[in-house]
Amino acid sequence: MSGRPVSLAANTAPSAAPTLPPPSTQSQQASTPSRSGTVSHTHVHSRSSPAGFEQPRYRQYGTTPESAKYSSPPGGGMLPHTPSGAKYSPLGLADIRPPSDSLLMDHQMTPGSFSAFNGDIQIPTNSNYVAPWPIYAVDWCKWPMSSGNSFAGKVAIGSYLEDSHNYIQIIDTHRKQPEADTPDVVPGDVEVEYVKTAEATHSYPVTRILWEPPSSQKQSTDLLATSGDHLRLWSLPNSQMMQQTTNSITGRSQAQAPAKLSPLALLSNSKSPEHTAPITSLDWNIISPSLIITSSIDTTCTIWDIPTLTAKTQLIAHDKEVYDVRFCANSVDVFVSCGADGSVRMFDLRSLEHSTIIYEPSEKNEKLMSPGGSSPSVSGLSTAWPPPLLRIATSPHDAHLLATFSQDSNLIRILDVRQPGQALVELRGHSGSVNCIEWSPSRRGTLASGGDDCCVLVWDLINQHNSVHMQAPPPPPPPTGPGAASSGPTTTERGPTAAWQCDYEISNLSWSPPGPASSSGLPRDWLGVCGGKGFWGVAM
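The numbering of the sequence shown is this note's numbering, which starts it at 1 and goes up by one.
Careful: at least some of the hints might be erroneous.
Have a look at the derived ranges for each label pair, beta carbon to beta carbon [to be verified]:
hint : residue 1 : residue 2 : range
1    : Ile287    : Gln219    : 12 to 22 angstroms
2    : Ser146    : Ala384    : 42 to 52 angstroms
3    : Glu162    : Thr492    : 31 to 41 angstroms
4    : Ser220    : Ser351    : 32 to 42 angstroms
5    : Trp385    : Asn463    : 49 to 59 angstroms
6    : Phe151    : His397    : 24 to 34 angstroms
7    : Thr310    : Ser215    : 14 to 24 angstroms
8    : Glu274    : Asp416    : 35 to 45 angstroms
9    : Ser362    : Pro307    : 38 to 48 angstroms
10   : Asn330    : Pro132    : 19 to 29 angstroms
11   : Leu349    : Leu266    : 22 to 32 angstroms
12   : Asp416    : Ala180    : 33 to 43 angstroms
These are calculated hints, taken from the structure and not from any lab test.
All C-beta atoms in this analysis are idealised placements derived from N, C-alpha and C, irrespective of residue type, glycine included.
Whole structure, please, built from the sequences with the hints as guidance.
Spelled out as structure tokens, the structure:
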């Protein structure tokens, strides 16, 4: 099926950390860990052993240092000309971010109380960074890491506070050898230390933050983009101005404030910036970094030309709010989007008179197949039909593969653009609503997800023997009666290959660039995990 987008006039505007074990083949229903514990006013840094992606167990370490507790930044309500309320939130849905009851500043974070997914081994976290506010947006810079030094890449994080006071921080990560007195240290163990180097204020919740994609024309980048009320471009201050405030309890604190990010541009998809519709997401084209695409609750997607700071194309992409947008791998023209109308649509900038509907749910099958498909929402009202699709992720290795999930759903669907209309694979393993998905940039067919069940799950779509067998729900009854069509191809189901559990609902994920080889000979990757006010590096 195809839909016809409407083109609009273009508008211009001026660590090694805990490793992931294979999940148990037992029930995937995980209970929420406790949040009890004592807090202090220092950032935390603890340790655990690195291991290969395939390592099947944890090793127990000593007591994790205590965490931090901060007061909430003052709130002044939303900006006068910014629509407020759940309908006009940056994603249109309050529950895409971690529930507020787990993020209140008077709650206590106890990062030492994580457990393996099978529930029988307690593990500490090796290194985590604690921000003064709830973290939602995150991106671990994908520029290659050098094996000749300890630098492990830059991480950008952004807050999601429902007022006009929001924040961005830049964190440098560094590999270092554990202290000699660390229990159970083995050769090859590595720690990750976090150093806050810059920050900035943001007048609207940060719905997405991205570093400029890697390029062969230079060694590194100092450019990043954020979405919220507008598309904003930022640059890092020069190295002399960068204040390095260590997050290690053994590091020396420094009195002066971190350097400030430099705002470079503010791009609006509205002729009246004071009344702009919130931007729900952005994506930076890897092939042509001069292009950024944004999605908005006003049903449009906009292609921006960064060198000229102009909107090249703006089109109506969906019938309702657009919640996410991504370029397809190895393309400067093809992109996909999802939104409140429950569909995934694919567009080609070379032929905008048509769009392809890659996926839209069948109401009969959806309610029969999806866990809790007709369950009431948080407000107690019936869930809207079709269920909104909150996020979409395009595989960096296979241009035909996409991943997406619905509101209030614990199911992830893998789509193949060559076979529109039905999910290729359904990933089942979460016991709570999914909040985020991200493909690994270095491991083909590997996807990570996080949800309200406080679990990070890793899925291997290539090596089926790594997956846990999941019991499927009963299939829908076959069609009956005269003229009933035969059922189409069935959807394959897959379980996770590894899991990691946190004390907090997982709000977002970001993979690191490949690091130096581990003992298995494979590149050492980290998965950056956001939950509450914490950011964790989990080793693969």
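Status of each hint after checking the structure:
no. : hint                                : in the structure
1   : Ile287 x Gln219: 12 to 22 angstroms : holds, 19 angstroms
2   : Ser146 x Ala384: 42 to 52 angstroms : holds, 49 angstroms
3   : Glu162 x Thr492: 31 to 41 angstroms : holds, 40 angstroms
4   : Ser220 x Ser351: 32 to 42 angstroms : holds, 37 angstroms
5   : Trp385 x Asn463: 49 to 59 angstroms : violated, 36 angstroms
6   : Phe151 x His397: 24 to 34 angstroms : holds, 26 angstroms
7   : Thr310 x Ser215: 14 to 24 angstroms : holds, 21 angstroms
8   : Glu274 x Asp416: 35 to 45 angstroms : holds, 43 angstroms
9   : Ser362 x Pro307: 38 to 48 angstroms : holds, 44 angstroms
10  : Asn330 x Pro132: 19 to 29 angstroms : violated, 40 angstroms
11  : Leu349 x Leu266: 22 to 32 angstroms : holds, 24 angstroms
12  : Asp416 x Ala180: 33 to 43 angstroms : violated, 52 angstroms
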